[in-house]
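Undergrad: Spelled out, the chains give:
Protein chains: 2
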Amino acid sequence: MRHRLKDVAERAGVSVKTVSNVVNGYVHVRPDTRARVEEAIAELNYRPNLSARHLRKGRTGVIALAVPELDIPYFAELARYVVTAAADYGWTVLIDQTGGRREQERVVASGITDHLIDGLIFSPLALTAEDLAGLDGTPMVLLGERVDHGPADRVVIDNVSAARQITEHLIQLGHRRIAAIGSQRTDEGASARLRLAGYAEALRAAGLAYDENLVAPAPAWHRADGAAAMRGLLTTGVRPDAVFCFNDTLALGALRALHEAGLRVPEDVAVVGFDDIEDGRFSIPTLSTVAPDKEQIARLAVELLANRLDGDRAAPARELKAPHHLELRESTRNP
Amino acid sequence: MRHRLKDVAERAGVSVKTVSNVVNGYVHVRPDTRARVEEAIAELNYRPNLSARHLRKGRTGVIALAVPELDIPYFAELARYVVTAAADYGWTVLIDQTGGRREQERVVASGITDHLIDGLIFSPLALTAEDLAGLDGTPMVLLGERVDHGPADRVVIDNVSAARQITEHLIQLGHRRIAAIGSQRTDEGASARLRLAGYAEALRAAGLAYDENLVAPAPAWHRADGAAAMRGLLTTGVRPDAVFCFNDTLALGALRALHEAGLRVPEDVAVVGFDDIEDGRFSIPTLSTVAPDKEQIARLAVELLANRLDGDRAAPARELKAPHHLELRESTRNP
DNA sequence: CCTCGTTTGTACAACGTTGTAGGCAACGTT
DNA sequence: AACGTTGCCTACAACGTTGTACAAACGAGG
Numbered sequence: 052m053r054h055r056l057k058d059v060a061e062r063a064g065v066s067v068k069t070v071s072n073v074v075n076g077y078v079h080v081r082p083d084t085r086a087r088v089e090e091a092i093a094e095l096n097y098r099p100n101l102s103a104r105h106l107r108k109g110r111t112g113v114i115a116l117a118v119p120e121l122d123i124p125y126f127a128e129l130a131r132y133v134v135t136a137a138a139d140y141g142w143t144v145l146i147d148q149t150g151g152r153r154e155q156e157r158v159v160a161s162g163i164t165d166h167l168i169d170g171l172i173f174s175p176l177a178l179t180a181e182d183l184a185g186l187d188g189t190p191m192v193l194l195g196e197r198v199d200h201g202p203a204d205r206v207v208i209d210n211v212s213a214a215r216q217i218t219e220h221l222i223q224l225g226h227r228r229i230a231a232i233g234s235q236r237t238d239e240g241a242s243a244r245l246r247l248a249g250y251a252e253a254l255r256a257a258g259l260a261y262d263e264n265l266v267a268p269a270p271a272w273h274r275a276d277g278a279a280a281m282r283g284l285l286t287t288g289v290r291p292d293a294v295f296c297f298n299d300t301l302a303l304g305a306l307r308a309l310h311e312a313g314l315r316v317p318e319d320v321a322v323v324g325f326d327d328i329e330d331g332r333f334s335i336p337t338l339s340t341v342a343p344d345k346e347q348i349a350r351l352a353v354e355l356l357a358n359r360l361d362g363d364r365a366a367p368a369r370e371l372k373a374p375h376h377l378e379l380r381e382s383t384r385n386p
Numbered sequence: 052m053r054h055r056l057k058d059v060a061e062r063a064g065v066s067v068k069t070v071s072n073v074v075n076g077y078v079h080v081r082p083d084t085r086a087r088v089e090e091a092i093a094e095l096n097y098r099p100n101l102s103a104r105h106l107r108k109g110r111t112g113v114i115a116l117a118v119p120e121l122d123i124p125y126f127a128e129l130a131r132y133v134v135t136a137a138a139d140y141g142w143t144v145l146i147d148q149t150g151g152r153r154e155q156e157r158v159v160a161s162g163i164t165d166h167l168i169d170g171l172i173f174s175p176l177a178l179t180a181e182d183l184a185g186l187d188g189t190p191m192v193l194l195g196e197r198v199d200h201g202p203a204d205r206v207v208i209d210n211v212s213a214a215r216q217i218t219e220h221l222i223q224l225g226h227r228r229i230a231a232i233g234s235q236r237t238d239e240g241a242s243a244r245l246r247l248a249g250y251a252e253a254l255r256a257a258g259l260a261y262d263e264n265l266v267a268p269a270p271a272w273h274r275a276d277g278a279a280a281m282r283g284l285l286t287t288g289v290r291p292d293a294v295f296c297f298n299d300t301l302a303l304g305a306l307r308a309l310h311e312a313g314l315r316v317p318e319d320v321a322v323v324g325f326d327d328i329e330d331g332r333f334s335i336p337t338l339s340t341v342a343p344d345k346e347q348i349a350r351l352a353v354e355l356l357a358n359r360l361d362g363d364r365a366a367p368a369r370e371l372k373a374p375h376h377l378e379l380r381e382s383t384r385n386p
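So the sequence lines, in the order shown, correspond to chains R and S. All residue numbers for the first sequence refer to this note's numbering, where the first residue is 52 and numbers rise by one. All residue numbers for the second sequence refer to this note's numbering, where the first residue is 52 and numbers rise by one.
Calculated from the structure, these hints are not laboratory results. Mixed in with the good hints there might be a few duds.
Put simply, identical chains are the same to the list, so a pair is met inside one copy or across any two.
Unchecked claim - Simulated pairs of lysine-lysine, DSS-like, Cα-Cα distance not exceeding 25 angstroms: (1) Lys68 to Lys57; (2) Lys57 to Lys108; (3) Lys108 to Lys68.
Whole structure, please, built from the sequences with the hints as guidance.
TA: Given below as structure tokens:
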């Protein structure tokens with residue numbers, strides 16, 4: 052019930068290669084021959100065997116997108132854009148979840164050499180530059196700042212200035228005790244480090260003191276971590292009048308903790324996030340946030356990969372910056 | 052820099068097949084031969100070419116999961132579980148977004164015959180049983196009620212009784228004017244039809260009238276649709292004292308619209324959803340909902356696929372039911 | 001020392017596709 | 001009439017892997 056070129060060829064009374072030529076749109080096929088072949092293809096419902104084609108061509112037409120977790124909305128939204136952008140190049144996207152575990156990330160990064168995929172777009176959490184070193188020039192594009200100093204092409208946003216801008220927004224609204232949620236140990240969380248730096252820059256520029264007690268770490272960046280960190284900030288020390296959460300899910304968790312503590316947002320405490328996920332447009336209150344241009348990030352990543360695949364694989368790694376802007380909503384309405 | 056069995060064989064001084072045997076763990080290989088081969092493999096950093104292996108074996112080790120949209124949290128969470136369950140069978144999961152468009156769904160369903168994937172787990176929105184008819188026995192598992200009467204194996208939950216249970220919960224709390232959000236034209240939205248039926252059953256059993264004006268349609272099941280439907284219910288006719296939204300994102304949208312209208316949840320209006328997505332555990336207020344066992348759904352779907360792959364492809368289609376339970380949270384606290 | 005069975009390894013073909021080389025008409029040009 | 005050119009098509013080999021068939025080496029038992 053499953054047919055091959057050979058079956059079509061026999062039915063149409065031509066050679067296997069002629070059928071192949073028809074399938075691939077080769078021009079020098081007589082119209083009547085082409086018609087006969089196409090008829091046979093339709094009758095047998097022939098579809099090419101991609102494994103065989105890939106074996107022959109050395110390319111699979113599949114790229115992978117590896118992210119820590121799919122049910123983190125930011126990555127889900129990003130995945131959507133990557134799939135769309137890849138479709139323009141005729142690529143199928145294999146989506147991989149690493150769970151942010153170094154071992155799993157290593158497997159994915161080396162799975163690339165299994166010839167199952169032509170290239171990889173990778174958003175690593177735990178991987179180091181050394182892990183990537185041994186992966187001979189297989190095309191890969193990194194997202195985010197986790198791995199720097201160019202073992203591979205990379206797409207980033209300007210985390211420092213974005214964090215600085217949203218913090219300045221809080222300062223402009225008159226907030227003075229501005230907390231930050233989401234800091235991490237320096238050997239992981241490169242994004243955390245940069246966002247913290249932008250936050251500190253803004254404070255310094257405004258003549259505000261940087262207060263260690265206002266900076267809450269978060270092991271992961273989920274809602275639960277945001278809620279826990281917020282509760283911690285509320286019980287210890289003086290209450291902040293604004294909070295900069297290093298991503299939106301942290302912020303949604305913080306909103307929840309503030310609600311439970313009987314505090315109003317933004318009247319008692321203003322809250323901002325980072326990522327502009329869909330949830331933040333419908334939360335109560337709606338969430339002010341930094342909006343990275345996810346579509347652009349996806350497009351640039353796919354383009355870098357395409358260039359690498361068709362072009363010089365040994366060329367020096369490139370780094371592209373995607374734009375961002377602020378989305379100001381209810382959680383920072385002027386009190 | 053990329054090596055084949057042949058390269059390893061030459062280096063180890065054995066035949067190509069012996070290397071293949073070592074790679075595949077064939078037993079009758081002398082320890083010293085095995086060691087020599089393994090050394091050569093390590094030195095060359097050899098990795099098998101999966102395209103070739105698949106061509107030879109007729110299997111690719113890849114299954115696809117096709118969902119309408121990845122950034123709908125329910126599907127993202129489900130995807131996570133499917134990836135995990137598939138890993139137990141050594142399968143990689145190719146995730147596909149159909150956007151709920153019939154054309155795209157058809158492409159995916161027939162892409163299955165491209166030999167790129169061994170099987171498909173499919174959550175169709177627009178596809179009909181006829182679309183699936185021509186797909187000769189390629190293993191496929193359907194999720195949800197969209198396509199019924201068994202052209203393929205299927206995993207469902209008991210939508211009618213789940214909807215009835217959560218509606219009964221609202222009735223028990225003393226609510227009498229219970230609205231429903233999410234109804235759809237009957238030729239699409241089979242889940243909507245079943246949930247509406249459960250809702251109506253519960254009303255009838257309690258002696259409450261079924262009021263057309265309290266049933267709001269929603270073209271899609273996103274937050275924005277929920278908010279719009281809720282606003283509609285509030286402006287026309289008598290205000291409901293409870294709302295059953297046919298999924299959680301609709302409910303989150305409804306919460307938002309109620310908030311904007313100055314109504315308190317659950318004091319003025321109680322709200323329940325369906326799906327138990329992560330967001331509902333942190334929304335303000337937290338959301339009472341029907342919690343389908345997503346892990347079980349994923350596991351059953353993968354198992355059905357595995358049975359179909361290894362077993363009788365012509366066997367009659369099976370339908371498995373996954374359990375669900377109620378998660379009662381703040382949005383229905385006794386007023 | 002021969003026989004027999006097991007262990008260990010090899011050679012070959014095949015999976016389904018496409019690139020290369022080439023053959024055979026039909027055509028226009030010298 | 002001989003020639004090159006072009007259009008159309010075919011035969012063959014190759015992509016890298018594994019199943020099948022079989023050969024060589026080995027050990028045990030008589």
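Undergrad: Compare the structure with the hints numbered earlier in the document and write down the numbers of the violated ones, lowest to highest.
TA: none
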